[in-house]
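Residue numbers (the working numbering), protein chains in the order written: chain L, 1 to 224; chain D, 1001 to 1594; chain B, 2001 to 2267.
Check before you lean on any hint, since a few could be wrong.
One side only, chain L facing chain D, incomplete, derived with CB under 10 Å [to be verified]:
| hint | residue |
| --- | --- |
| 1 | K48 |
| 2 | V71 |
| 3 | G74 |
| 4 | A75 |
| 5 | W79 |
| 6 | G210 |
The following label-pair restraints were derived from C-beta to C-beta distances [claimed, not checked]:
| hint | chain 1 | residue 1 | chain 2 | residue 2 | range |
| --- | --- | --- | --- | --- | --- |
| 7 | L | I70 | D | P1536 | 33 to 41 Å |
| 8 | D | R1317 | B | G2118 | 30 to 38 Å |
| 9 | L | E151 | D | V1019 | 47 to 55 Å |
| 10 | D | S1347 | L | A169 | 56 to 64 Å |
| 11 | D | V1149 | L | A169 | 20 to 28 Å |
| 12 | D | D1078 | L | A169 | 42 to 50 Å |
| 13 | B | R2066 | D | P1584 | 33 to 41 Å |
| 14 | B | R2066 | D | T1454 | 53 to 61 Å |
| 15 | D | P1269 | L | L84 | 23 to 31 Å |
| 16 | B | D2257 | D | P1269 | 53 to 61 Å |
| 17 | D | T1016 | L | Y184 | 40 to 48 Å |
| 18 | B | R2066 | D | E1585 | 30 to 38 Å |
| 19 | L | V193 | D | F1024 | 52 to 60 Å |
Hint data in this document are derived by calculation from the structure and do not stem from the laboratory. Where a beta carbon is used, it is the ideal one built from N, C-alpha and C, also for glycine.
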Amino acid sequence: MATTIPEPPKIEEPRSSGGNSGNGGFRSLVPSDGNLRAVQDYAPPPSKTGIWVALAAISMTFAAFTSALIVRQGAAMDWHHLTLPRILYFNTLVLLASSLTLEMSRRRVAVFMGGTRNFDLNPARWLYVTALLGVVFVAGQYLAWLQLRSEGLYLATNPNSSFFYLLTAVHALHVLGGLVGLTYVIRKLHRVVLRRSTLDTFSYYWHFMGILWVYLLLLLWMKL
Amino acid sequence: MHDMSAHAAAHQGPPTSFVRKYIFSLDHKVIGKQYYGLGLAAVIIGMVLSWLMRIHLGWTNYPIPGLHLLSKSGAAGDVMTPEFYLQLMTMHATFMVFFVLTVAPFAAFGNFFLPIHVGAEDMPFPHFNMMSFWVTFVAFCVMVSSFFVGDGPTLGGWTQYAPLSAVGAVAGPGEGAGVVLWATSIAIFCVGQLLGTLNFIPNVLDLRCKGMSLWRMPLPTWAWFITSCMGLTAFSVLMPACIMLILDHVAGTSFFVASNLVINDQLQPHSGGSTLLWQHLFWFFGHPEVYIAIVPGMGIISHVLITNMRKPMLSHRVIVYSLGALAVLSYMVYGHHMFVSGMNPLSSLLFSFPTLLITIPSTILVLIWIGSLYGAKLRINSASLFALGFISMFITGGVSGFFLAQPSIQILLHATYFVVAHFHFTMAIAAIFGIFSGTYFWFPKMWGRMMNETLGKVHFWCSFVGVYCIFMPMHYLGLAGNVRRYQAFVVDYMQPLVGVHRFITIAALFTGAAQLIFIYNFIHSRFWGEPAPDNPWQGTSLEWSTPSPPPHDNFGGRHVVVYHDPYQYGVQSSTGDYVMQDSPEQVQTAHEEP
Amino acid sequence: MAKLFAVTILIIAILSAVPILRNTWHPMEDISTHGQAIDDQLSETMWEAGISFLASQIILAWFIWRFSGTKLGEKTKSFPGGAAGLVAGAIILVGLEVLALGIFGVKAWANIYFTQPGADAMPVQVQAGQFAFYFRYPGPDGKLGPLHADKISETSQNFFGLDPINDPDSKDDIVTAEMAIPVNREIRLLMHSKDLSHSFYVPALRIHQDFVPGLDLQLHFTATKIGRYEIVCSQLCGLGHYNMKAYLSVMSQPDFDDWLKKEAAMQ
């Protein structure tokens, strides 16, 4: 009976960009004696910097929303505290769990890099779980909106509900964007070659979505 | 997340299909040229709108032939209605600030030259870079479309103050769908520019070639880097503001609209919103934005001047530090747009001090530029003329800032033509001169042909004298109390000023006509100009070490190694009085780089 | 061409300064008690700005004239002192100069915004709305009645939304389309917006303040010269923005009393 040995996922070492393979990819250097042959100071892959740029932009956006919330609260006496739908807490656990499963996937990738050819490790599986949890989170957020609607709280009902919908919606949109990215990562893993830096970069984004959500939850709980 | 590093993109080889080469190109050089084209289209639109505005201001109730073609309701009998004037004004500013001043000096030249300046093959994320252009293009289309909907584009000024912008069509013509389209377009624009900064910053930090330390980067590169950092934190604040504005407008929320407002005898349904919140959010973006508009120009003209002076600036580092100081301080000064807005008067004083202090880096820059001219061997050509013109303009604009930085003086000058003069000098025409300087300088590299020098000089003379004739009198109008954003002057005390407006209009039309010389020169040179050598200006930075135009991977597979600081002029080398950055030749520098 | 350019810069700089020196276009004569400080500040700034402007343009022109063109064999030179001197100059000269402007300017601003009106300042309310200013005087009872947004009606000329039937304080309120004040009497201006952002700008009075919908603001001032002035809106408020203005008449106390009586009779 023939058994098919599953093809191990192709994962690439983080390459040192620069060096002798082409242009670009160096950090600060220039020895004073001008001996450039001695320079080996390679820069990490640009995606590592790129993700921080993206996260900085997203942080500023939510900082702007936060300051708008604070100013709006002080602008009028129409702040009606709303009770957060319970499902939000469940959604929080789901999102944090997805960060855990993502980390599990990354650990397996690291083991793979170490040379182990244990096909049971299957890092792809944990990426699927992460994606599923992400979808559950977004669905759960939608349920939270439905619950608010059933209480008669719509987008324009009062400023609290406005900010609730706005903040959760913008966050959920970013999570959806992250799911698109996760699809890309999974595709690369199965079809072509997944670079370690791609997975790492995606992980930073995804974990940031979790941290951001915890921050928003606290903000909503304290302020709304 | 994408991680198509420059290597992967380059190693795939140059594209072959027409679509991949010219339309959905991943090549930063093509993207830069696409941005340039977008900027050119936008500046033509913005300029034509300004002609219409100026004609109306000088000759208010006169018909302008053909005007009815531009608006369904705003120009019956070719006479401009008050609302149409305001719509044209709003669109003029919007196209100019966003689609010209942010796009051309930063996205266009930056995309083309930043990777080359640091010795890289491309931007780090070419797919995101391509997206950044097309997203910006979509934003442009959405903005243009607002001319064709309902009662036309928004009339609330590029500043779109709430509640006028937020309450909807009840506030009058131009406040309906036009506002939603404006805010949508700008939100999309912010996304496009953020995708750009996503490429620029890692390119500078991670993709420099061997030997290219940060201090060896040429000045435009520093300027683009600093601008990207500003853009990162500024556009990401405008976008949420626009989202909230759209929600107030279409979804009945009350972020910016207070209670108990009555328009047209109708009590508005909004309640509790904060009028000033919009202003705070907008200007937190808005002030860095004006520096985003001018800092690349400062880098570009420094670069152009150094090449044409045949000597480096007095201090490379001081220029970089000053640009950085401008960027940092730009976040602390935004309240100077709001001195009399009704915010706490103490805040006004608090904002005025950093505003006065920001004079210092600006002055340092001007003094370094002028001081560097001392002892130079200045070549006069179109590029250097526009660069020198930039300095003159920036001085004028900066000096008028002394007045506007003080709350007590703004009591007289707020919302008058003095402000219009100030920002046109510092931001608009200085930046445009920076764009022209960059164009004349870099056209050979970008399109492989030389522009016509004589036409360039004629263009310069008409423009330089012209813009001074347009904008210098506006200072006097402001001092006399001429309020801005008025479509006509029916106020008694403004009657004596109409003659000045007519003078300005004539100057504007003349200067506008002179731009046709540039457009003709551009198009003609693009197809029939003299083929350009690799290094027509004997420059030292890396763009001159590669053919005109550069090959697909910028350096033809060559591994660029940089041995020198960017501006080694005034030396004795095998090439003459300069040594290129990537030349291994060791030379005795004539100047000590401090 | 460099020399021509240098001369052009020079001519433009000088021509630009001429109208300032000849005071061709200038702010209106100040008729307020607090305006002198503003005018002094303006004058001080004009000198500093003017000197900076002329000096830098002239030196720019001079350097372009002197240092352009290439003479074979001539080397390029550095500005004596290099960048350090210029940086120091910028920080010390300009920095100190602008800080001085800022510090001295605080008083001019504080005079208006950090002082309280006297107890016998006369209250006048101004309401801004698309596209007119209306004014309200409290009448003999000295009190202004409450505003009711739902009662505002242009058609029935109830601009402020008063309810004289139910609010006794509103009964004697006097609503006018022009503003009049007695000369040399402190005025407490109560600013209210009916709909959008507008601004109250009276150049002669050295007063410039935006209305904020949802936030009623207060200013105080004293006019020192009899005459007729214009209040103009300077915050874009829609198509009629250019035409949104009202007259301010500064009158002697007896003339003002007469005027107020006439207005009261027309309510």
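Against the structure, the hints:
1. K48: This interface hint holds because 8 Å falls under the 10 Å limit.
2. V71: holds (5 Å)
3. G74: holds (8 Å)
4. A75: holds (4 Å)
5. W79: At about 8 Å, which falls below the 10 Å cut-off, the nearest Cβ of chain D leaves the hint on L/W79 intact, so it holds.
6. G210: With a closest approach of 16 Å, the L/G210 hint is violated.
7. L/I70 / D/P1536: 33 to 41 Å: violated (56 Å)
8. D/R1317 / B/G2118: 30 to 38 Å: violated (57 Å)
9. L/E151 / D/V1019: 47 to 55 Å: At roughly 51 Å between Cβ atoms, D/V1019 and L/E151 fall inside 47 to 55 Å, so the hint holds.
10. D/S1347 / L/A169: 56 to 64 Å: Between D/S1347 and L/A169, where Cβ atoms are some 32 Å apart, the hint is violated.
11. D/V1149 / L/A169: 20 to 28 Å: holds (26 Å)
12. D/D1078 / L/A169: 42 to 50 Å: Holds - the Cβ-Cβ distance for D/D1078 and L/A169, about 46 Å, lies within 42 to 50 Å.
13. B/R2066 / D/P1584: 33 to 41 Å: holds (36 Å)
14. B/R2066 / D/T1454: 53 to 61 Å: Once the Cβ atoms are compared, 25 Å apart, the range 53 to 61 Å for D/T1454 and B/R2066 is violated.
15. D/P1269 / L/L84: 23 to 31 Å: Cβ of D/P1269 to Cβ of L/L84: about 26 Å, so the range 23 to 31 Å holds.
16. B/D2257 / D/P1269: 53 to 61 Å: The hinted range 53 to 61 Å is violated for B/D2257 and D/P1269, with Cβ atoms some 43 Å apart.
17. D/T1016 / L/Y184: 40 to 48 Å: violated (25 Å)
18. B/R2066 / D/E1585: 30 to 38 Å: holds (32 Å)
19. L/V193 / D/F1024: 52 to 60 Å: violated (24 Å)
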